[in-house]
Every structure is written in C-alpha cells, then in structure tokens.
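4 protein chains.
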Amino acid sequence: MDFCDKMREECGVIGMFDLGGGDVGKDLCYGLFALQHRGHMSCGIVTNDDYKLTRIKDNGHVNDVFDVRAIERLKGKIGLGHVRFTGGADLQENIQPITTRYCKGTISLAKNGFITNAETLRTALEDDGAIFQSKRDTEVIMHLIARARTTCPSAETSMLEVMESLEGAYSMILMSPKKLMAVRDPRGFRPLCMGRKGSAVVFASESCALDAMGAEFERDIEPGELVCVDMKNGVRSFRDFCGARTSLCMYEYVYFSRPDSILDGNEVYAFRERSGRLLARACPADADVVCGVPDGGTVYAQGYANETGIPLKASVMKNKFSSRNLFTHDAAGRENAIKLKYNVLRQTVAGKRIALVDDSLMRGDTARRIVTMLKNAGAKEVHLRIGSPRIIHDCPYGVQMPGEKDLLAAGGRTNEEMCAYLGCESIGFLPIESLRETELDGRFTYCTSCLDRKTRLKMK
Amino acid sequence: MDFCDKMREECGVIGMFDLGGGDVGKDLCYGLFALQHRGHMSCGIVTNDDYKLTRIKDNGHVNDVFDVRAIERLKGKIGLGHVRFTGGADLQENIQPITTRYCKGTISLAKNGFITNAETLRTALEDDGAIFQSKRDTEVIMHLIARARTTCPSAETSMLEVMESLEGAYSMILMSPKKLMAVRDPRGFRPLCMGRKGSAVVFASESCALDAMGAEFERDIEPGELVCVDMKNGVRSFRDFCGARTSLCMYEYVYFSRPDSILDGNEVYAFRERSGRLLARACPADADVVCGVPDGGTVYAQGYANETGIPLKASVMKNKFSSRNLFTHDAAGRENAIKLKYNVLRQTVAGKRIALVDDSLMRGDTARRIVTMLKNAGAKEVHLRIGSPRIIHDCPYGVQMPGEKDLLAAGGRTNEEMCAYLGCESIGFLPIESLRETELDGRFTYCTSCLDRKTRLKMK
Amino acid sequence: MDFCDKMREECGVIGMFDLGGGDVGKDLCYGLFALQHRGHMSCGIVTNDDYKLTRIKDNGHVNDVFDVRAIERLKGKIGLGHVRFTGGADLQENIQPITTRYCKGTISLAKNGFITNAETLRTALEDDGAIFQSKRDTEVIMHLIARARTTCPSAETSMLEVMESLEGAYSMILMSPKKLMAVRDPRGFRPLCMGRKGSAVVFASESCALDAMGAEFERDIEPGELVCVDMKNGVRSFRDFCGARTSLCMYEYVYFSRPDSILDGNEVYAFRERSGRLLARACPADADVVCGVPDGGTVYAQGYANETGIPLKASVMKNKFSSRNLFTHDAAGRENAIKLKYNVLRQTVAGKRIALVDDSLMRGDTARRIVTMLKNAGAKEVHLRIGSPRIIHDCPYGVQMPGEKDLLAAGGRTNEEMCAYLGCESIGFLPIESLRETELDGRFTYCTSCLDRKTRLKMK
Amino acid sequence: MDFCDKMREECGVIGMFDLGGGDVGKDLCYGLFALQHRGHMSCGIVTNDDYKLTRIKDNGHVNDVFDVRAIERLKGKIGLGHVRFTGGADLQENIQPITTRYCKGTISLAKNGFITNAETLRTALEDDGAIFQSKRDTEVIMHLIARARTTCPSAETSMLEVMESLEGAYSMILMSPKKLMAVRDPRGFRPLCMGRKGSAVVFASESCALDAMGAEFERDIEPGELVCVDMKNGVRSFRDFCGARTSLCMYEYVYFSRPDSILDGNEVYAFRERSGRLLARACPADADVVCGVPDGGTVYAQGYANETGIPLKASVMKNKFSSRNLFTHDAAGRENAIKLKYNVLRQTVAGKRIALVDDSLMRGDTARRIVTMLKNAGAKEVHLRIGSPRIIHDCPYGVQMPGEKDLLAAGGRTNEEMCAYLGCESIGFLPIESLRETELDGRFTYCTSCLDRKTRLKMK
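Protein chains in written order, with my numbering: chain A, 18 to 477; chain B, 18 to 477; chain C, 18 to 477; chain D, 18 to 477.
Please keep in mind that the hints were generated in silico from the structure rather than gathered at the bench. Please note: incorrect hints may appear among the correct ones.
Note: identical chains are not told apart, hence a pair may lie in one copy or across any two.
Claimed, not checked - Simulated pairs of lysine-lysine, PhoX-like, Cα-Cα distance not exceeding 20 Å:
#1 K356 to K43
#2 K152 to K121
#3 K337 to K23
#4 K475 to K43
#5 K23 to K249
#6 K92 to K43
#7 K121 to K249
#8 K214 to K43
#9 K69 to K152
Whenever a hint applies, use it, and build me the whole structure from the sequences.
Written out as structure tokens, the structure is:
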C-alpha cells in the first residue's frame, strides 16, 4: 500500500546448490514464498542446468509469478531467487536476480541491502567507458566483478577484491556457471543464513525460508564472510573481511523479519515478546484491557499482557484482504484506506480503558485514526504504548521511510504534543536503554542509527 | 485454498438506497470489501441510475474487480452487491447479483443461503415451459417472482407470495426498477442487518460492512421479515412470516462472521472470547503457554489465556500470503500447502507444554500437521483444545464441509483415538451445554444441526 | 473498426454431428475460423459429450479464444459454434452459442439473422411470467421452444411449431441433448449449407467453412427447411415451410460472404468479377489504369480490367494490420484511421487517369479520402466506379448500416453532387437492372431492400 | 507464423526530432505502424522530454502496445522507435530501442540489420572487463560508443569512430540526451530515409512511414552517411564513410518492403509490376487465367497479366486473420496451417489452365499445397511462375531463411524435378539477368548474395 506507515525493507534473497544433482526450482519457490514479507511487489528465480539458464521473473507475488508449471520449468542443480518491495510500473529488467554475461560466461546476482558508495563507483566506471542499463547498484557490482575477473584467478577471489571497494549493507547470493556464493557485508547489517537439505546447501535471508523448504538450519553467514559452493571443492568459507565490529540492523528484530525466524541466534518472536514485557515495566498503564495494533503490535501486546496480567483482548480488527485499488491515492483516499483496513470491536471496547500496543511510530496517521475509532466506539481511555524507541532519523543504509519532518516522534516533540495529536490519554516508548536488555546475542553490536545515529549498541 | 479444513459459507450480500439521490457505488464497494471473508472467489455490484443499470462482476477479490474507475462507473441511487466463495473456472454468468428482465422491467438479486426445495421447484417450472440458464437456485426464485408478478399488484407482494413456497436458508437483497428489498428467511439462518448513512438506507450480511461504509447500525432484519424501500413510501416492513421459532446458525458465531460484527445483538468477538473461557473451565490443561491456531483459533486462545492466567504466546505462525498456485492439488500438494502456510516458533516452543487452541475440528489434517511441527521443534506436550463442540453431521442448509466419514470427531471416535491420530497428549472440545452459557441473545434459538441434528438451542 | 464505412453482417454459424462418434471440437474451430469475416468481435463453441457440455466463449478472434489446449477440451461428437461482430464491453453471457436448460435437458443455439417480431413475442412472454436475462432475440426463441416442448413430442416438432410465430431472417443451428438441427427461414435471407466429412454431418453459414474443415459440400439448406440429425434416425429433412418465394440477401454476394464461398449455387467471386465486367459495360471510363479500393473493390476491379483491357495496377495500398487503438474515436481520429489504413503508390499514380473501383458506397468518407490522396500524388483524373447499385434505404432485416441521411447516394443526390463531394471527375454505379444479368441462380429471387425496397429480384 | 515459407527481415526503425519543440510520440506511433510488416512480434518507442525518458515496449503489434493513452504518455521533442519480428517468450529487455546510461547521460538505439563481426568485438570487450546483459549486437555497439566517448569530443564523433570497427548491415537511429542521429552502413544494405514535417526532422526505414506520419519525403540517407540533428546546429551530415560501392539488398524490393515505399529512388510496386512483365517475357505460359499467390505474388501477377493480356483472376484466397494458436507446431499442424490460410475458388478454377505467380520460392511447401488444391478443384494445368530468380544460398548479412538444403531451387535441382515435387505442369523463374532490366536506380549496385553470392549487381 502506498500509505504505508512503516519502514520498508529492501528485499529477501535465497540460493541453493544441490551437490547431489537434484533440481532446486521447487525448493527455491517455497523458500522465496516464506520471504514474501520482505518484498511483495516483484520476484524472480534463475536456475542453472549445466550452463543452461532458466529465468522467470515478474511483478507480483511469488504465488502469481510461479505456479506448478513454472516450477517444472526451473531445471538445474544451482539457483537463486529474490523478492523485492518495488515493482508495478517498474521496468521488468529491474527485477532481480539480474544476470549478465562476462568473460567467464554468465553471472547472476540477488542482493538485499544498499551500497552507500554506489554513485561514486558508478561515475568512475562510466568515466572509464562502462555502460549502465539501470540505476541499480547491482549493476555496479556486476561491472566490478567482471573487471576484477580479468586479473583474478576465480569468481570468489574476484568477489573478495570487489568487497574492498563496496561500502554499506549487502547480503548477496551470486551464481557463476559452476559456483554459488553467499556474501554478507563486514558489518552484517542484513541477515543471511545457511542450511542443508540432504545433499543440498541452502542460503536465505531468514531461517523461516529454510523451514518452508524443509531444510535444516546450519548457521548464520558471518558478517564479512563469503561462502562458496561448487562440485569440485564443496563448501568453502572465506573470512578475509570478518572480525570488524558489527552493526546488525535493530529493525530486523523490531519489524522486518518474520517472528518465526532466528537471526544471528535471536528468535524474532522472543525479542518482541520480551520487548513488550520491558515496555510494560518501563511504561505501565492503568488499563482494563491490552490490545495490539494488528499485525505489527500483536506480539508486543502479548508480552505487555503477559507481564502485567491485564487481559489481552482484540479491540481493533484488521481486514486481511488488499484494498489498494479501491481508493484514490490522495489524502481522502488515505482516510478511506485506513477505514477499510481497520475496524473496532464495539462491545469489547465500550467503557474500557485500553492499553493500545504497536511496534513502532512513524507518521502516526494510523495510530491517530485507530485512537479516534476506539474513542468513537466508547473507549474511556486509550494509552498508546510503542514497543520500540522513538524513531527520529533517516536510515543511512537504504531503508525507505518517511522523511524526518514527517516522523511524529522527531523534532523534539513532547509526549503531551504527541498525545494531543493522536487523541490518546498517554503515550510511552520503549527506552533505548531497554533494548540492551532484550537479550539479543551479545557477540554482536547493533545498529540504531534511526534512533540515535549510533551503530554499535551492546547488549547488557 | 482447495485444502480448506473449515466449513465454507455461501456468500455475503449488501444493498443501498439513497433516498436523497446520491450515488451508492462507492459505499457498496467499501461494504462489500468488508464482507470479503464470506466469499473471496467472485463478486459483483449492480447499480440503478433511473432505470439504467450498471453491472460489474467477475472472478477475483473485491479489490481486483473494482478499482477507482469501476467505482466511478457505478452511478445510481440504488444498488446491491454480492461476494461468493466459488468462482474460477465457473462461468461468469453465475456470478451474483443476477439480473433478469420481467414484465415490470428488470429485477436484480443477491442471495446468501440455500433453498432446500429448489430442485422440486425447478422441475415444476420446467414442466411448465420455463428455461434455465444455470443451476442456481437464484434463477428459480426469479422465475417464481416473475410469475407471481403477473397476478400480484407489486414487487413486494410478489416476493411475499414467493416466500410461501421457499424452504431453507436465505437472506436476500432484491432491486426492482424503483425499489430495494431485503428479505430474511422465517428461521433466520443467515444474518442480515440494516443501517443508515445520512439519507441512505443500507442492508448487509454483517454489521462490519456498515462500519466500513461509515453507516450507522440501526437494527437486524427479523427472521421472516421483508423490508421494502422506495421513494414514494420510504421504508416499510412486512412481517407476514415473522414469529416462527428461529434457527440462527451457530457457526456464524463460531467461524463464519468477522469478530467485529454484531449479529442479532451478539458481538462475534465476545462470543468467541467467552467460548475460550468456557473451554478453559470445561477442559483445563496443565500447560506453560497457551497458543491459538491462526487465524481461527486466535480469539479462543485469548479467552483461554485470560481465564487461566497462563501466558499467551504464539507458537505457530501463519504466512498471510496466498500460496495456492505453488503446489499440485493432490495429497503431496496438500502436505506442501500446510508446510508453506504454517511454521513454528522454535525457541518459544522448545521444552514447553502447550495448550493449542483452535476454533473447530473437521478433518484434523491441519491440526495433525501443526502438532507434528510443534513436537519436532521440541514441545514437551501438546494439549489440543477446540473452541466449539464436536462436528459430527453434514449441514442440511447448504454449508459446504467434508462428508461425515471425513469428520474426525464423528463416527463415535474417542478422545484417545483422536489423540493417537493427531499426535497430541490430550484433546478437549467445548461441551454443547456450554454453548448455552455463551450469553447469545436469549430472544432467539440457534441451529446446531452439525453438532446434534437439532435446530432450537436455547440460551440459559 | 468503429469507422467502418461498410454494412455489417450479423454473424456466422456452424454445427457438426459425427455419427461415427468422433470428437468435433477441432473441426468446429477450423470451420469457425473460416467464418471469421462474418464477425470478429466474439466467438464461442459448445460441444456435447454424452450430455456433458463444454462451453468456451469469449470476446476476441477465433485464434484468441481457441488454442490447441482449448480444442482438446472440446470433447464430444455433437457441437456448434458462432462468430459475431459485436463484443468488447459487452457482457460475456451475450456471446453465442447460448445454452439453457429446459424440461428435456439442455438446448444450445447459434443464430445468424434478425427476428423482426421479437419485441412483440417478448412482451407476450413477459406478460405470461417469463424472465429474460438479455435483450437477445435468441432468448425469445429459447422460451418459445421450451413452451412448445411441453406439448410437442420432440425437439424438431417443437422447433417447427416455433417457426410458425417467427418472422424475419434466421439461419440457426440448435443442439438438444441428442440432436443437432439446422434451420433456415422460409425466405432464405441468410445462407446455410450442409456437408459431410466421413461419418460426420456438417452445417455452416458458408461453404468456405466446409473447405477449411476438409468436408465435402453436399447441398444448401433450402429456405424454410429444418434438417435434424440424431443417432437413431440419421439425417431427416422437414420441409413444412419450404416453397415460399425467396429473398436471398443480395449483399451476401456484394460484400458479406467470402469470395471462395458458393452460396445457393453461386460462387461469390464469379458474381463479383462479373459485376465488374457489367459495370465496365454500363459505365466505361477513359482511364490509363484500373485500380480497386482494397479489399472490397479488388475483385470488381479485376472484372473491370478484364472487360476493358486497361492495365490493372494497385494505386492504393491498405495496411493489413489493425490500428484501432491508435486513435481517438472522434472526427479527428477518423481522419487518422483512414490515413493509417491507406496509402497511395506515388510513382504509379503520377500523371495517370485512374478508374477507381469499389464494391459499394455508403457514407463516402473513405472514397473521398482516397480520391484526395490520389490527387495529391499527382493523379490527373479519378473516375469512381461502384460495383453495386446505389444504397438508399435501411435494411429492415437487421443489417447494421449508417442511417439514410448518412448514405451519400440517398436523398436524390445527383452524380454531379456526389463528384463534387468526393473530388472525382466522374462516378458510376452498377445499374439495378444489371444485377439481373449477374447469372445468380434463377431458382431464387433476391432481396434488394436497401436499393429499391423490393425483395423479389429475378435473374434474367 | 512459425511455418513461414518466406525470408524474414530483421526490423524497422524510426526517429523524429521536432526542432520546434512539439511532442513526437503520436507521429512515431503512426510511422511505426506503417513499418509493422518489417516486424510484428514486438515493438517499442522511447521519447526524450528534456532528458526525462519515457520508454514503452512490449511483445505484440504496434496497435497492442500503443493505444491513445500510451501515446499521450510519450512526451518529448525527440524520440525513436523499433519493430522486430522476434518476440513472444523472448525476454522483454531484448526489445528495442535499447537504452543505456554512459558517461554523458543516456543513449538509446534502434537498429535494423546485422553486424557480421559482432562476436569478435564482444569477446574483445569481455576480455577487457565488459559485462553483457544480452546476446544482442546492439549491446556491443553501445559498449563501443561508451568507450569511444571517453576520448571523443561528441556523440557523433564517437559514432564515426565506432563505424571504423563495425562490419555488416546496419541502419540505425540513436538518441543521446540532446541529439538524434541516423546512420546507414557504407554499403547501404538496409534502406533508411529522411523527411520533414513542419519543424520536425524524421528518419525511417521506408518512405511509407513518412506518408503515414504526414511527413514530406526529403531524401534517402546515403550509404555510409551519418546525419545528426540537434537544437544548436540543426541538421548536419557526416560523409566520412560514403563513396564505397554499394550492396543494396535486392530482397528489399522483391519481398521485404511495402509496395508503396520508394527506396533509394525506386518505387517497390513499380519494380514488382515490371518484374512480372519481364517474367512474362522470359517465361510465357499458355494459360486461361493469371493468378497471384496472395499476398506476395499479387503484384507480380498484375505485371504478368498486363504484359500478356491474359485475364487476371483470383484462384486462391487467403484468410487474412491470424490462425497461429489453432494448430500444433509440428508437421501435421503445418498442413492445417496452410489449409486454414488458403482456399481455392472452385468455379473459377474448374477446367482452367492457370499461370500461378508468386514472388519467390523457398521450401516450396506452400506452393505445393496450393497446386494440389487447384488440381483438386479441377484446374487443368498449373504453370508456376516465380517473380524473382532461384534462391540458392544463405544470406551472409543476417536475413533469416531456411538452410540451403531446404531451398527447393538449390542443390542443382532441375525444373523437371521441381515440377514433380510441386505437382505443376511447368515452372519458370525470373532470370538474374532480367533483374538488370528492372530499372532500379543505376547510381547503386545491388546485393544478390542469396542468388549468386555476388553483391554488386549493376542495372543496364
């Protein structure tokens, strides 16, 4: 929906190499389907059947682009896939994976993240006579690999040379004629994990994809690691860029990833339930019922209710069907969109004091509308509780979100000002300090750029 | 999904007449969108702009069939709409509302329910020279109205004459050139309510549609009532068939209707939360966490947790995207379908005793698969709790469900046998007797045909 | 094209019954494809596989609606098909063949022509309680058959009873559960013929369809004849309505039918070539080259050149691709449409005196534009010659054409006035009297309503 | 159609620059529509509105890809377009014009022809680190231009530098941010002309496109010429590569181009009519009627009839509608395809001696089938006359055609052997020597590689 009041993640990636020689197309589809929440506008898969590539990609959901017949066409023991949250009017050739020919045959790439120095790299390449068919940073990476390959002895050494010049967030899968590679940037912004299914090696953005494929989770790809799979050498790991201090994106836990995924050792659901409990401790509310804003606030509300013992009841219902064609994309349409998406439970709400829990607060439009609906239905009080800290900055690593001037919690706004705008009795955010008590894996440090411009949050 | 392990409702209906003369197309779309859960395969709307009809109907969701431009085309102050759960290969002409010309112009009809004596009525009509373009019972009703109209003085008296011969469940909206009518069968199997939005009168299957339209709920249509709206006489009620003992369908509360709807005085959410509490009392479980099977079991699980104080935690996650093109429609595909739809939360589940709550139990395929997944993820015990009584009979009023031989709780199966099949430690159903304590409106009696072949359950 | 400057025929019909039991779907598609010129907006086929009907119909060309897979689905030894020249925004249920259930099962109908008393029949039926789902006269016929069948002993006797009340032009194919029937109205306005392919009986609007199917032409269906095919009795002919004076439509020869069809004994190509020769005798021209307006005028120009010995050269080229989405449908768009459709051969035309031959003259827009183009390219003189008489009246038998006020040759306009409007040096039409010398089959009389309001033209 | 028994041309190109600043989108569509015969599988247009590009391209006809709304989107005073005869399953990104970014912004390219040394150039580029997203030779050209541009002072000097290394046939339109360029290879294999419409300069493959756009023909682009248009310098011509001996493709006249086009001074229609006359002199036939095989043979037949005085009559009719989905693409389907496409005129043919004229003879499948049909319809004799010489070699300049072993006239086959295969009484080809009398423009020499491996045919 255009009126999204959430951050938007870039994409999800997946790759599979069956060393036993079986076709990987079906499992790639299933895995990609499990990553649909990371991007639902377009998707694609490329498989490699002894150098014969099959490429299927289009705008639409995984279920729209791939059906049983498409799956049958995806022959080959190596393959990779991608979902992304942009699409529509977009040219089909921008849909990933992208595939190019270079001196050693073809190379395909699926990437999640954002190269922060892509523009600089592109200009240098153009000045050296390179042509570009898109504005994608993926194409920059392709050029760099092709140029590196004229002097490097292998695809993996070329990729390592390219990593020298890339800055920013990237978790990538690459497929050369004979190899599948998984690469995670040295600071590990985006997740990437590895599993096994029989004789096959699998890479995916989130572990939930492994579950859907029936694969066993093996381990996370380390920040800075390159894993290369081929028939000759099996699985090899290159750690030239490992060991730097990490910046795992905190919002992968707060919102992007699926609750059932386990990223770098942390189950997303557990993080959120615990955040809800910590929120209850930091910002208690004198309420009759706890209610989550669906879907993002649901788990936080469970934690809040479990901690306080206040009954958890749905007060707001979300229509699960898409409504985006039904209204114009202006302010009036935005109102209709929210009205069509949400409704309140009148008898449950009437006369009650409600602790309304959401995952995050961006513009506040949805929250304001829901508070109004609750009040109109007779709620006595509404206490808004946000399961994450105040978002006050843009993301420098490519996550799309409203500009700082549109962020309700930015600009030094007080709680009173926000309550006045939202129409609620009180508001409370999870303190940044509480994030350190969420029990995320202590081996890593985490990026909280959008909260405090810092990228090295440590757990207690 | 073809592998649906739930009952399937027939459809949802909506109608609107703006006595002030405004266009009703946009509100009909919004209302129909709110009824999408009652049928997501095809939908249609017909509006009447001073006798000029605009008909838009097709396979697909409301959001697919109607966009901003379609809405603009739907001119006129009278209109009606329909969603249904069948579609696809189905011929477009079977999509409702259906419209026919008769001696007084055109008549359009949207119907929810099932005429039990339709075949008898159709044969009699055919023997009298009638032609049929479908197997729909709606076409039978159209013929009866047209024939009645040759002797009756008005559309509404014709409809009343037709009601004499109809048996079964029906909530209908009809539109003649100048009138909009809402009819509910004498036993009131299917819900139907009425609201106002400014100068407009609105009818809908569920009150959630009124909310989405921004209309005020006025009252339910009584079982046996015919309400007729026209410019000349405004709103008139005909109660010739009112007063019989009612048979409101219990599964409208258990599963079909949206939690935020209020049907015949009963908020569906409240019924389900209360059922969850009653279930907890009747079938307690020694569990560490309570978990609902999404989406149907979610509210029951809230009631169960609220009653027992056991923490409510998600143990099972449901992928909200459609996956139905991704697998074949055989047994192997069925397995894949469930695997793609559900996943467990491994860290939350490991080592725990789980009270797993669902709304109802049909074939048990989904429950069995989920229990297996929980056990594989390390759950110590799984105690299945069902928020409604054992379903052991077919529905004689047209609800589609597996045959009796496929119903796990039918055939005298013991709890032990069911547990053995499902792989869980214990199972418990809401006792039929507890349904009498769910505080549904005591003015009515309720149909529990699928539970005990009775149609007159009274509240305590 | 919307800017058609031609008459428009209603449709084409086809039917096939393989008494040997083979599937007829593929041959029906091939035959229907050969009739595409009779209607290119929508098409449909229904086959009957021991009472199991397969119905495929949609807007679009035969090649769009039917592909190899569709053909495979069309199982059954009986079937019928239809092409029509209306479609697009039209409701799919109006596409023929139409199928209804009646007291004896189902009946399907494909009709070419126009029932002139349909409205009267419909009103009587409505007053007797009948409902109509369309404005099609086919539905009126269906009602009459169903009602007749309640007292008549068979489908064919019912049809004969219905023929009593039908007026106008109709060539029809009907399929009951066990029978295929072909019916031609007593005056024979529209063509209908019969052929054999092995054990199969075939009916089609034109003989070119038999050729495409690989069937042997057997004979024309006589005006007023009903032919009934079934397994029990084979082929039977009912001639109750034969013997009236006929009114074969002259424009089937002038424009509607394909040149390679032989209708009621007359090859269409030969008629047109001969008309061109007669035109040359009646209206000679002092020209350097003869040129036909493609495509309709091509054959007439051949006759004109063959008679006079003047070289035949293309002066005007027609782009064979459809251009109808490329311009707006207003006057400016109409100009663009003609400009995109036609172009002149500059070197061939320059300095020449041209005899420009077309089949008929309606509004004259196209002729005027082409004359202008020829003059701009340097043509010295343009002498317009029309291969048929002046069209001055509407067709009372349902052929769509511009109203009388838009017919250039109507309203008593002189040749000089027409030349002034068209920009040509002279104009000449085939005299009506010459039609009597075209050597059409003398057993019949022909309808020339649009030329002189008469319906009984005799050959010499 | 897959069963094409003709040579296939590569494509058609068009470009327009309105120095007065008006939008060129609509005229480009109209011009492209007129070039549809040069490629009907996919098409595209790119316009440039002060550096903002609009790109619309897809599989399908011009009329399918561009409608009135698409035309409105094509804003800008510079633009170019392309039609090609490949498409379908093909990836959308292969559809021209292709657009890439390079050091000076973007560059778009539409090309007709075939670079014979593309593979060599590509390998050298890859070894230097270049990546390729397709197998198109257009992408090779793009790389060369981008690299040249790092040292050349302008787009046009870069293009001239690139021309040094290109071999083969190419007529191209290029659009840089501020310039439109038209380039024709030094031997002029493919046509390219230039026109004016008010303040706009137009380039197109054939002059018929200028007519459709309402532009005035100005002159042909010379072999080896580069014409560059920009706001600052207007129209400039670069003749660095002009003056070599030319190799205009003879089959542009025989078959590829539209009859109404004037290429390098020669009207295509006049060439073909004259070829028909020369054929009649070289290979007379004792026949009752002359008949052309539609559509290619039609004009040759006119010449043949005009020269001999034998009446021209259609004996074979071609169904103008596409039938390609209606049959399988194997041998049986091929038979069906021809049967559906062609039919004979039985009464015209019966008992006649026919001179059957076609433009060229490749495999001979279609000719054989038509001869059989004529004989089955009662033709007494069939004398096949081919309006061009025997085709006996592949085209080294990229025209797609059957292999030499499938060419009926190759391999030293005698006329008797061909007649035996085709079933006709006699066969005659236009002698190569006669080509020299077709009065094509004597300033040029012509390529007859497919006839005699020579590329320098002179006119008498």
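Going through the hints against the structure:
1. Proximity of K356 and K43 under a CA criterion of 20 Å is satisfied inter-copy only: 13 Å between copies versus 39 Å inside one chain copy.
2. In the homo-oligomer, the alpha carbons of K152 and K121 lie at most 20 Å apart only across protomers (15 Å), although the nearest pairing inside one protomer, at 24 Å, exceeds that limit.
3. With identical chains, the CA atoms of K337 and K23 are at most 20 Å apart both within one copy (17 Å) and between copies (18 Å).
4. When the C-alpha separation of K475 and K43 is checked against a cutoff of 20 Å, the pair qualifies neither within a copy, at 40 Å, nor between copies, at 52 Å.
5. Taking CA atoms no more than 20 Å apart as the test, K23 paired with K249 passes in neither setting, with 45 Å inside one copy and 49 Å between copies.
6. Taking identical chains as interchangeable, the C-alpha atoms of K92 and K43 lie at most 20 Å apart only when both belong to the same chain, with a minimum of 9 Å there against 33 Å between chains.
7. Taking the shortest alpha-carbon separations for K121 and K249, only the intra-copy value of 17 Å comes in at or below 20 Å, while the best inter-copy value is 44 Å.
8. In this assembly of identical chains, K214 and K43 lie within 20 Å of each other by CA distance solely inside one copy; the values are 13 Å within and 47 Å between copies.
9. For a Cα distance limit of 20 Å, the shortest separation of K69 from K152 across copies, 14 Å, qualifies, whereas the shortest one inside one copy, 27 Å, does not.
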